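Q: Take a look at the letters that make up each chain.
There are 2 protein chains.
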Amino acid sequence: MPSDKVVKEQAEPKAKTALAHKLESKQQEISVTEFFEKNKQILGFDSRSKSLLMGIKEAVDNSLDNCEEANILPDVTVRIERLNDEDYRVSIEDNGTGITHKAMPNVFGRLLYGSRFHALRQSRGQQGIGISATIMYGNITTGKPAHAMSKIEGADEVAWGMDIFIDTKTNRPVITNDKAFTWEGKEHGTKIEYTTKGRYISGKQSIFEYLKETAIVNPHAQITFIDPDNTKTVFERATDIMPPRPKEIKPHPEGMEIGDILKYANNTQQKTMKAFIKNDFSRITDRLASEIFEISGVSPDLKPSKLTREDAIKIIDAISKVKIMAPPTDCLSPIGDTLIKKGLMHVLDGLRPEYYATPVTRAPKAVNGNPFVVEAGIVYGGDIPSDGPVQIYRFANRVPLLFKQGDCAITKAVSEMDWRRYGLEQRGGKGIPYGPAIILVHVASTKVPFTSEGKEAVASFPELQSEIGLALRLCARNLKSHLNKQERKNKTHAKFEIVQEILPDMAEKVATHLNKPVPDLSRTITKIMNVVWVEPEVKKQNKKLRTITYTVYNYTTQPRSIRLHAQVPKEAVNLSLFTGEYFLDMNDEGKANWEIKDLAPSTSTKVSFELSGEMADTFDADDIYFSGLNPVIVMGAEQLPGDWGIKGLEIVQTSEDDLVPEDEEDSQEVEDLDDE
Amino acid sequence: MPSDKVVKEQAEPKAKTALAHKLESKQQEISVTEFFEKNKQILGFDSRSKSLLMGIKEAVDNSLDNCEEANILPDVTVRIERLNDEDYRVSIEDNGTGITHKAMPNVFGRLLYGSRFHALRQSRGQQGIGISATIMYGNITTGKPAHAMSKIEGADEVAWGMDIFIDTKTNRPVITNDKAFTWEGKEHGTKIEYTTKGRYISGKQSIFEYLKETAIVNPHAQITFIDPDNTKTVFERATDIMPPRPKEIKPHPEGMEIGDILKYANNTQQKTMKAFIKNDFSRITDRLASEIFEISGVSPDLKPSKLTREDAIKIIDAISKVKIMAPPTDCLSPIGDTLIKKGLMHVLDGLRPEYYATPVTRAPKAVNGNPFVVEAGIVYGGDIPSDGPVQIYRFANRVPLLFKQGDCAITKAVSEMDWRRYGLEQRGGKGIPYGPAIILVHVASTKVPFTSEGKEAVASFPELQSEIGLALRLCARNLKSHLNKQERKNKTHAKFEIVQEILPDMAEKVATHLNKPVPDLSRTITKIMNVVWVEPEVKKQNKKLRTITYTVYNYTTQPRSIRLHAQVPKEAVNLSLFTGEYFLDMNDEGKANWEIKDLAPSTSTKVSFELSGEMADTFDADDIYFSGLNPVIVMGAEQLPGDWGIKGLEIVQTSEDDLVPEDEEDSQEVEDLDDE
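Residue numbers (our numbering), protein chains in the order written: chain C, 1 to 676; chain S, 1 to 676.
Worth flagging that the hints you see were computed from the coordinates, not collected in a lab. All values reported here derive from a predicted model rather than from experimental measurement. Take the hints with a grain of salt, since some may be wrong.
A pair holds if it fits inside one copy or across any two, identical chains being indistinguishable in the list.
Within a straight-line C-alpha distance of at most 25 Å, the following computed SDA-like cross-link-like pairs (lysine to any residue) qualify [what the hints assert, rightly or not]: (1) K250 to E34; (2) K509 to A15; (3) K278 to K365; (4) K430 to S386.
The following block holds chain C by itself, in its conformation from the complex (with noise of 0.2 Å):
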């Protein structure tokens, strides 16, 4: 068949032929910056309301992200002016590294534009989209440019500002006002002022309820915000701690698609296939390349910008058959549980929680080559609303998340683990659970799967939700065994109450009546009690002092050892305050061990420490765990889980008042977490 035959255009085409035609000449591309402008909702912006926070978040997200980038500690000032009814002025100003003067109009006023696209490591930003469609839809709604203002550190530079346009036809900047200025007190950092349609609200999904969250996770950070009314909100940073800066990584062959690879081939400086499996990917080593060129049969010295497509399925597919390890993990930047403690109690104390459960940072984990990790925390009781739906915290890359809630994988994980088991309301086991608390989730990963370029919500990838899930039910359990704990700690208050004060003034009234001597019921209530007890109790000597004391009673008719375990936030250990006969050793991770040999009948006796620093109050004296008797005898303490990685005691004295079963539900659910 002839492949240059000429269409002969007929003299009256039918109406489906002309139609045909017509269509044809109506074809047309699409600039990327006008699908923007037509579809705003797409990239968040699509109420007034919401449109106003999407500005600042994007603005907020690339000053946190070139702070850190620096290892600057952020100090992020946002501010909003009320025009009109409809029309605000906002900055944005950040005490990071700056913006060179050349690089200025393109960072602002273009889409799909950035440093961070093809950077395999965590950051906030990576589309390039943010900031710039925040400039774009300042522009078309009022009319008017943006200013940036931006100063490099140095005793020769000068701080240059200029005026912004975004041609929505081309997606280039349009500038003008170009001009150097002495910027008064200001080392480096840079400032974002735009004029913008919207409207200011209060509530859950508010620019003070999402700068509020953004301090949770970023509790290195500091946050002023003067809103319309010209009030001032500090949110002081709550540690001086920078998170260790992601490193770059390269590319992990799991997940690669065929068209990754050979667009990869094609870009890459290696002058043979071997030296670009083993050097442009993570985790290859020399013999591991070895056997995918053995397994494809595609030759290893092949020049990769020869790589066909054939070649490429065989390289793929040999991939998929050889075991590589999974991808570094040095790229993410997790807050760490006691961090993340630190940053609910910073944000929520005024709630007075009753409960901060442990945080939970789950090992990373890889979806199609790229590591992710997940975190949660829970915060209970309190003055947290109770006959609610929890809320839920969260957070991709240490951004909150406000919106689609609907259709977050985080949502979803913790819809679809049953929260009746651990101590929440909840209809059938599914859905959002009710009651007291505050569920936060962080997923932190060099690629978070977003739904939308608003990156609002992460998208339902079953690895990722799965790992949400488990680091829920890590941190859920942690909720209920407190719960359990405070049960079975009002309970036997309730029996101590009864045992010790009525009981004795019951004996002395009856005495009395029958004229008797009262007996001596010591040994009665120590023999109804039968329990070891240990009681906890803090002092906040100053500030960043406190000191943490557990005085343990024997009320059981022998002598009694135990030992304690504690796990203390390592950063607020001092050695030496680490003293006392009862004190064993403590390891690197704050993981803290002491000994009680032989306390006798109805005697007590005391361990304590001391805490120091500024995460010294992270510490929940109730975490306390024992070994080397038998818990039903025990009551203030936990047994010491089997994975805390050092043994127990293992003198359990046994009477037979103490071989009552246990009535355990809590024991069968380490097990149960993987097959759920």
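Could you slot chain S onto chain C? The hints should help.
A: Same frame as chain C, now just chain S:
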């Protein structure tokens, strides 16, 4: 300050400054293809199973759009072959106009390229992303090109076939094997074939379900599906009536941003601002245009290309101050209540639902100058599962939405409504209701605000969500009225049984015992019953002819007059079949009226008519209304609602027995509707 000051590089720049420069050097443009390649989940390609569906959806969307534009009854065939565990070969063939040889590469091989992006009228595809994203996904995951075939009508036209690969770096098609060929038996149409990684699943989010739902809202389309097991399913067309072709409209000034008007002004052919405002927008009269220029103070003779931002702001401001008619709505193509019902019946008949609530098509509204229409339907009872949440069928521009239900304006509207008032279970009056029901919502608009490029959920614009709520409530009212009627019917049936069977039985037995004659109970029964009873009956004469008969019994002690009213599907009306002594008249919408005068006590008569054609079965004989009698003495028919548009008889005969107060909850609802 000198604006041309040269920023000197420092000999040893400090770390922060060095980083600022390093960041500058890393800044680069991101191609839109690369962006979507890296963020496939945004296009809906998150998992293998979803990707397989998305591709088919995009191709079917295009086929249906093209057929409708050309007024061709669509005939679409979808075929999936399993090549191995995760590779599939997919083809979609239609009988559309075909695509010209020249247009084929860009239609299939270029993202953000299309004919409908700027067109203001309802269509499925608009973004120019869908089918090219499908092909890109196939390319990337299998390394194989797609194969497109197309033929336009005409004896001289040959068919063309070509292999298409998308270069993701440049976003341009790479064409190979471009050949003309003879397509046996094909007059015109397009077929696209591609291999792709995927996973074929069944269930709620399956390809089968998608095609089934597509058939519901596109009753004019014939869809054939050949699944990987080679099982063929044909969703026959339910009607040969093509939906009216939506007309393209000009932009409406309402909701226009300053950026929009500037762009339009820059592109216009008009010579003056006044001509521009008058001719390039819809609903602007000469008088209105004059008013706008008077208020704004901008010169009407200004050249549009000279429009400044300041003047644009003034014009936008003036537009907000004049009253402009809502945009025309012939740009929309709602399905219509009869066809929604027909479509539902056609596909859901296997579930033998007890009731198809009369669907509601709301009057068109506009948001930001974009017209939209909301339609809703409810199917109830029968074999629809009753123990779980109701199923929600969501549609946008006649396309089923199977994903992201949690974050869709439709789901939110369903969840925020108190369904307990309408006969469905719902905990706390919030959330998705429970019960044996399927809820259908269709949103049609010139611009559906999807939450992402994958077009899976509708963003919650307040105006839109509230319209959905209103449509749902109106439709739910139909359901409720049916449920009430059923309940009353059951009660009355029970009463009838007692009165008409047990009472005479008892009378006879007692009389026999007492050796007395059996008393005549007919007056007693009439007195006890005291109702006018309307009993429907439907006879299927043949596939397309139905006789509907209402028997009216007068079980009261007086002669009674009554009017009956029914809304019959106008497509099924043959006026010669509407005769008989009681028939009064019928209007264009199919609202028919009958009148029975002075029906004697203890007698009955019949009102009868016939419906013909394929819409005959959409009439529900239970939907019969009456007027002219006190509602408390009528059973089997509903009181004519006030909005019926005609006046009922005024002769309300009352006796003392009739004056029972109504226990109406329904009557309240119509008025409540707008307050909620």
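Q: With reference to the structure, classify each hint as holding or not holding.
A: Structure-based check of each hint:
For the homomeric pair K250 and E34, the shortest alpha-carbon distance between copies (18 Å) is at most 25 Å, but the shortest distance inside one copy (34 Å) is not. Taking the shortest Cα distances, K509 and A15 never come within 25 Å of each other, neither inside one copy (110 Å) nor across copies (81 Å). Taking CA atoms no more than 25 Å apart as the test, K278 paired with K365 passes inside one copy only; the shortest distance there is 22 Å, against 60 Å between copies. Proximity of K430 to S386 under the C-alpha cut-off of 25 Å is found in both arrangements, the shortest distances being 18 Å within a copy and 18 Å between copies.
The structure fails hint 2 only (numbered hints given earlier).
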